[in-house]
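Peer 1: In the order they appear, the protein sequences are chains L and V. Okay, so the first sequence: first residue is 1 according to our numbering, each after it adds one. Okay, so the second sequence: first residue is 1 according to our numbering, each after it adds one.
Any given hint could be a false lead.
Identical copies look the same in the list; a pair holds intra-copy or inter-copy alike.
Think about it this way: if two alpha-carbon atoms lie no more than 20 Å apart in a straight line, the pair counts; the simulated DMTMM-like pairs of lysine to aspartate or glutamate are [claimed, not checked]:
no., residue 1, residue 2
1, Lys-350, Asp-375
2, Lys-282, Glu-298
3, Lys-212, Glu-18
4, Lys-199, Asp-62
5, Lys-38, Asp-48
6, Lys-141, Asp-62
7, Lys-103, Glu-183
8, Lys-327, Glu-298
9, Lys-144, Asp-200
Treat the hints as calculated values from the structure; they're not laboratory data.
Protein chains: 2
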Amino acid sequence: MGQIVNSNAAFLSQQLNELGYNVLYHLTVGDNPNRLRKIFNDAISFSDIIITTGGLGPTQDDLTKEIISDCLSRKLVFDESSYSKIQEFFQKINRHMTNNNLKQAYVPQNSIVLENTMGTAPGFIIEDLGKIIVCLPGPPKEMKNMYLNLVKPYLSNKSENIIASKIIKFFGLGESSLESALEDLITHQTNPTLATYAKDGELSLRITAKGKSYEMTDSLINPLIEEINERLGNYIYSYNNKSLQEVVANMLITKNLSISLAESCTGGLLSAKLTSIPGISKVLDRSIITYSNKAKIEELGVNKRIIENYGAVSKETAIAMAEGLKKVTNSDICVSITGIAGPAGGSPEKPVGLVYIGISTNKGTLYKKFNIHGDRTRIRNYATLLALNMIRQTIIN
Amino acid sequence: MGQIVNSNAAFLSQQLNELGYNVLYHLTVGDNPNRLRKIFNDAISFSDIIITTGGLGPTQDDLTKEIISDCLSRKLVFDESSYSKIQEFFQKINRHMTNNNLKQAYVPQNSIVLENTMGTAPGFIIEDLGKIIVCLPGPPKEMKNMYLNLVKPYLSNKSENIIASKIIKFFGLGESSLESALEDLITHQTNPTLATYAKDGELSLRITAKGKSYEMTDSLINPLIEEINERLGNYIYSYNNKSLQEVVANMLITKNLSISLAESCTGGLLSAKLTSIPGISKVLDRSIITYSNKAKIEELGVNKRIIENYGAVSKETAIAMAEGLKKVTNSDICVSITGIAGPAGGSPEKPVGLVYIGISTNKGTLYKKFNIHGDRTRIRNYATLLALNMIRQTIIN
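Given the sequences, and given the hints that come with them, work out the whole structure.
Peer 2: Following this line, the structure appears as structure tokens:
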């Protein structure tokens, strides 16, 4: 019914690729016995390994275990150890164990039971008909934990090849420009292969090589990275799939540069992204979300007349915010963002998407003006990325 | 390869359900001609409507259009109007149109061409073999825009039934407790049906009814909502699928209650969530992310001795932060959060996940203590939800 976005498929595909397995299909069905049966039989007919997620829980529409056992003519048997772990789990989180949870202690006969340390439903592995069937719980945290701790070691023992990949991240470049700049490399690719991805303003290039060892895959990938760096190095902020906030946070921490933020239209999004990175507390002094003009004046000492004469969204206000923050905190890097996130508040002179970003350091203050297209979410998100990139450039220069 | 999470499938399923279509399968394959062909032929054999996303772009691995045309024995023809729109698009975003973009101006013969106002690749609809085939671009913004403006009107004309659903949101209750409390209703469901979903600390119950008109589906759904409200009303914060931040923001705006925030461990996440809601600028004065102790003292006037004696993560500091913020801003509701998000910084007395939330209003100050389990992301996210729920309760009481 579209209530849940399937993030499990992407996680498992990425993991399986790393182990050298080619993922051919993702198949999804609702909690319907006939369609579950059809899709499972299809999957087993064209793949060697079948991994399922979901449908192992306590509720009545959790059917995966029952259908798969039936397809493979196996009984479900009561598993004492799973039962006691389910009991323990409820004690730990201090909640009453309702009766429907008992169903989760049943597993297919002769399967390898996978303990669920993050939840109640155990998973299991069945080896049958020359195939491997792995059934994992649906909640992403339980699934990931079970995969990484129990299934990954199991599957890596069965694989001959490894697939290694590096992900290069770009900012300030469109996806088709990236493809054009690398067209000759992409056309003639076999091993390694190249693929581009764009998401929420971040552009990635994945270079993937297959080989018997990491030495072999490295020797295939590294010359290509050098070539790409020569062509597009200016746009690259990570050679190992780090997010922009992770790169910036780590630069700040490594160089021990203190930072403070003054956000208006992004409303804390820049702070939230930076503080998602562990260790940032060493360098982030404070962040002041001056949503109202009053707050801009009181917290940052922005001159009332600047706001009256030029407006809260102006280069003058952005500069005054950054410089005011510098006076208050004396952090090495002081960043200001002011803009119009919409949907309301725009005008012909100052349309929705107009954003000014200021940065004040000991060397002085600079600002940049941007016109970001898209809706409120995109404008706030992209303004945050632009600010992160400006911080990055400030640190480099 | 798992680089992209498929959010398109969930969006389309939700949309199609609203129009009364049952979505039976999601099928995903990589850019491989044979597997694309197999999956398309499968889909057409067991469904009346097939919707594809992705593979319409300018790059060499975009194959969807070519394979589907081939399966249906249709030629690809040059579409003059699509071509000039692609040219316009590149002029508008001020980027050079590379040659590979030309491929996007070709569409299957005798198809309904769907203009892409957010990007370059047009979509199309083919009516063939008594089936409807809809091909949409992959980037979610382009796909959603094209679906909502062009495909939805087309498909709603073809549907007889409508499916209506209401989503009730709960906080402070586990999924299995919810199921147990409603077991009798869930067991005997046919029309309407009930389904529970848990995600990132928010728990939803979807009630879905099928009927010829909205009057009919309402008369099926409303008595059930009354019954659920009687049993679990205390835990319900929305009867129409609003997020907790949306409910809280709208309560604040409607009642014209000013608010300011002082965040530590959540680092701006509460501010970012509240400011994601349009109109919040009317009531949100400011938010001060006092990550360092220095900032807590300077910005909020927290007494240095309180931090020295009780620590930055303590009920005393939480109260002092909320009361300090109240003095500085005089907002109606002043919220403070201080805690240990981890992974480092925990101790036996103050473990990772310990969070204090304070609220200061004209009536006085209260605080609550929480022990949140999970990783840094979960702790920060759940602390934010707990704070939102405390704000909600403060407004109600």
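Peer 1: All hints are to be evaluated individually against the structure, with a verdict given for each.
Peer 2: Now for the hints, and whether the structure bears them out:
Proximity of Lys-350 and Asp-375 under a CA criterion of 20 Å is satisfied intra-copy only: 15 Å inside one chain copy versus 42 Å between copies. For the identical chains of this complex, Lys-282 and Glu-298 are inter-copy neighbours only, at 18 Å across copies versus 26 Å inside a copy, given an alpha-carbon limit of 20 Å. Proximity of Lys-212 to Glu-18 under the C-alpha cut-off of 20 Å is restricted to the intra-copy arrangement: shortest distance 12 Å within a copy versus 50 Å between copies. Within a single copy, Lys-199 and Asp-62 get their C-alpha atoms only as close as 33 Å, which misses the 20 Å cut-off; across copies the closest is 17 Å, which meets it.
In this homomeric assembly, Lys-38 and Asp-48 come within 20 Å of each other (Cα to Cα) both inside a single copy, at 17 Å, and across copies, at 18 Å. Proximity of Lys-141 to Asp-62 under the C-alpha cut-off of 20 Å is restricted to the intra-copy arrangement: shortest distance 18 Å within a copy versus 33 Å between copies. For a Cα distance limit of 20 Å, the shortest separation of Lys-103 from Glu-183 across copies, 15 Å, qualifies, whereas the shortest one inside one copy, 55 Å, does not. Within a single copy, Lys-327 and Glu-298 get their C-alpha atoms as close as 13 Å, and across copies as close as 13 Å, so both meet the 20 Å cut-off.
Taking the shortest Cα distances, Lys-144 and Asp-200 sit within 20 Å of each other only across copies (15 Å), while inside one copy they are farther apart (24 Å).
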